[in-house]
Amino acid sequence: MPKTQPKSSFGLLRRTTLSDYVTAIAWSLDGTYVVAASGLGEVVQCSAKTGETTVLLGEQDGSVDTLAISADGQFLAAGGQAGTVWIWRLDEGTATLIETLEHSRVWIDCHLRWNPQHPELAFAYGRYVEVWDAAERSVVTLNFEASSVLDMAWRPQGDRLSVSGNQVIKTWRREDWDEDPTELETGTASNSIAWSFDGNYLAAGNNDRSVLMWDDGDSDPWRMQGFPGKVRQLTWSMSTTFLGSPMLASTSSQSMAVWVQADDLSTGWEAKPLDIHKGTVTAIAFQPQTLLLASAAEDGLLCLWNNGVRLAQTLKNPSTEFSCLAWSPSGGAIAAGGSQGELLIWTKTTPAKGFG
Numbered sequence: 001m002p003k004t005q006p007k008s009s010f011g012l013l014r015r016t017t018l019s020d021y022v023t024a025i026a027w028s029l030d031g032t033y034v035v036a037a038s039g040l041g042e043v044v045q046c047s048a049k050t051g052e053t054t055v056l057l058g059e060q061d062g063s064v065d066t067l068a069i070s071a072d073g074q075f076l077a078a079g080g081q082a083g084t085v086w087i088w089r090l091d092e093g094t095a096t097l098i099e100t101l102e103h104s105r106v107w108i109d110c111h112l113r114w115n116p117q118h119p120e121l122a123f124a125y126g127r128y129v130e131v132w133d134a135a136e137r138s139v140v141t142l143n144f145e146a147s148s149v150l151d152m153a154w155r156p157q158g159d160r161l162s163v164s165g166n167q168v169i170k171t172w173r174r175e176d177w178d179e180d181p182t183e184l185e186t187g188t189a190s191n192s193i194a195w196s197f198d199g200n201y202l203a204a205g206n207n208d209r210s211v212l213m214w215d216d217g218d219s220d221p222w223r224m225q226g227f228p229g230k231v232r233q234l235t236w237s238m239s240t241t242f243l244g245s246p247m248l249a250s251t252s253s254q255s256m257a258v259w260v261q262a263d264d265l266s267t268g269w270e271a272k273p274l275d276i277h278k279g280t281v282t283a284i285a286f287q288p289q290t291l292l293l294a295s296a297a298e299d300g301l302l303c304l305w306n307n308g309v310r311l312a313q314t315l316k317n318p319s320t321e322f323s324c325l326a327w328s329p330s331g332g333a334i335a336a337g338g339s340q341g342e343l344l345i346w347t348k349t350t351p352a353k354g355f356g
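Mapped onto the numbering used here, the consecutive letters of the sequence shown carry residue numbers 1 to 356.
Please note that a few of the clues may not be correct.
[Claimed, not checked] Heads up, simulated BS3-like pairs for lysine-lysine below, C-alpha to C-alpha not over 25 angstroms straight-line:
{"hint": "1", "residue 1": "Lys278", "residue 2": "Lys316"}
{"hint": "2", "residue 1": "Lys230", "residue 2": "Lys278"}
{"hint": "3", "residue 1": "Lys230", "residue 2": "Lys272"}
{"hint": "4", "residue 1": "Lys316", "residue 2": "Lys49"}
{"hint": "5", "residue 1": "Lys316", "residue 2": "Lys272"}
What the hints contain is simulated information worked out from the structure, not anything from laboratory work.
Let's have the full structure, built from the sequences with the hints guiding it.
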């Protein structure tokens with residue numbers, strides 16, 4: 001695919017090194033700092049402007065594998081191999097540990113999600129999901145029952161929590177956690193689920209090399225097939241195409257595809273394959289409020305795709321592979337982690353400078 005000149009390019013702003021491979025990254029709401037976790041259990045806060053770092057958790061026996069900052073920017077949560085969920089209160093860049101939730105002998109890996117509208121944290125362990133309410137300091141426990149939980153996704157409106165595992169996706173309504181969840185049959189294990197930003201679509205990436213997509217309220221999904229392996233990641237754009245629908249990006253091993261709604265609605269969604277990475281794609285994300293897609297892979301390339309499909313810029317990590325990435329909330333900067341502990345931050349160089 002030919003390279004095109006981007007409207008704005010990104011230049012390296014900051015490089016910091018953790019003690020082990022970077023497992024997760026989260027940006028502060030104002031974009032002034034990032035928080036990164038490592039395979040040795042570190043959690044480090046790094047200023048995007050100065051590079052100054054603050055250690056929130058030191059090295060420990062197990063890795064910290066997931067980070068999330070609440071939608072209001074007031075709380076940071078982390079979880080990992082030890083089965084512990086740590087929660088900090090954030091106040092003008094200062095993090096104060098306020099809660100430690102212990103679940104011994106259970107790995108809390110990638111399943112930790114803040115409600116987009118309320119200070120409520122959902123996290124999974126085994127067949128269970130807990131929802132911790134920051135205001136009430138209370139916990140609700142949901143039993144998925146069907147299998148171990150493989151992924152979770154809040155509807156962006158904050159009114160529902162969807163949970164995936166083997167053969168089924170269950171969705172609970174926040175207004176009544178005791179009510180039986182609605183169920184969508186998948187016929188396979190769903191590794192990744194994602195709600196579109198408008199709440200109109202729920203997508204699932206599956207072990208049987210398929211993507212399923214439901215219109216909200218409809219139990220019959222669109223089925224997209226032909227992937228080389230398990231579909232491990234999904235992400236929706238917050239911006240829409242000229243047809244008024246968002247884009248969905250998916251990964252399977254080294255391959256990526258972007259899905260757009262067809263002109264003829266009866267034909268469903270059309271795939272646009274993106275083939276450039278020579279290593280497994282480890283992370284994908286759309287820039288907030290645009291159709292600029294970022295993809296990072298084990299080949300040491302971080303690629304930016306205009307309108308989700310045209311290669312605009314390639315950022316490189318010459319020493320190692322990429323393990324994760326995250327956009328700043330404004331989209332003015334992007335951070336990525338490497339397998340040798342590198343934490344790199346790029347910021348826009350044109351037409352605007354700065355980060356956030």
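Results of checking the hints against the structure:
Taking the CA atoms of Lys278 and Lys316, the gap is about 13 angstroms. The hint holds against a cut of 25 angstroms. Among the hinted pairs, Lys230 with Lys278 is consistent with the structure: their alpha-carbon atoms are about 17 angstroms apart, no more than 25 angstroms. The hinted pair formed by Lys230 and Lys272 meets the criterion: a straight-line CA distance of about 18 angstroms does not exceed 25 angstroms. Of the pairs offered as hints, the one joining Lys316 and Lys49 holds, with about 21 angstroms between alpha carbons and a cut-off of 25 angstroms not exceeded.
Between Lys316 and Lys272, the direct Cα distance comes to roughly 24 angstroms. Compliance with the 25 angstroms bound is thereby established for this hinted pair.
Checked against the numbered hints given earlier, this structure breaks none of them.
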